[in-house]
Amino acid sequence: MAAFQASGQRLPRWCEENNVKPYQLRYWLQKQTEAISESGSTHWLAVNVAPWKKEERSNASMVVRVGPATIEVHDGFDPALFAQVAKALAELC
Numbered sequence: 000m001a002a003f004q005a006s007g008q009r010l011p012r013w014c015e016e017n018n019v020k021p022y023q024l025r026y027w028l029q030k031q032t033e034a035i036s037e038s039g040s041t042h043w044l045a046v047n048v049a050p051w052k053k054e055e056r057s058n059a060s061m062v063v064r065v066g067p068a069t070i071e072v073h074d075g076f077d078p079a080l081f082a083q084v085a086k087a088l089a090e091l092c
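Per numbering that gives the first Met the number 0, the very first residue in the sequence shown carries number 0; after that it's consecutive.
Worth flagging that the hints you see were computed from the coordinates, not collected in a lab. Small disclaimer: the values here were computed from a predicted structure and weren't measured. Check before you lean on any hint, since a few could be wrong.
[To be verified] For lysine-lysine, the following DSBU-like pairs were computed, each having C-alpha atoms within a straight-line distance of at most 30 Å: (1) Lys86 to Lys30; (2) Lys86 to Lys20; (3) Lys20 to Lys30.
[Stated by the list, open to error] If you anchor each label on the Cβ, the simulated ranges turn out as follows: (4) Pro78 to Thr32: 15 to 23 Å; (5) Asp74 to Gln31: 27 to 35 Å; (6) Pro50 to Pro21: 42 to 50 Å; (7) Gln23 to Gly75: 33 to 41 Å; (8) Lys20 to Thr69: 31 to 39 Å.
Backbone N, C-alpha and C fix where the C-beta goes; we use that ideal spot for every residue, glycine too.
Just need the whole structure built from these sequences, with the hints factored in.
The structure is reproduced here in structure tokens:
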């Protein structure tokens with residue numbers, strides 16, 4: 000499910016490329032949504048901000064690191080997509 004959500008693809012295309020039946024993915028996405036809404040609690044993660052080294056700077060408006068992954072966020076980004084990607088990375092890392 001995290002791979003689908005992080006892909007940014009539409010469900011039918013992702014399912015076709017990954018040999019998954021669309022009804023199966025919809026079922027598990029629904030289960031995930033139910034589990035999240037049932038938990039009702041918010042879990043905050045600690046964020047350690049390391050000082051930037053000159054060679055690490057980029058043209059991105061913001062650089063976010065989740066475990067070993069780095070996400071460059073530019074002006075006009077899609078907040079919903081960013082949240083999905085960050086959540087998927089947090090689960091995988």
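**Prompt:** Which of the listed hints are not met by the structure?
**Reply:** Of the numbered hints given earlier, the structure breaks none, since each of them holds.
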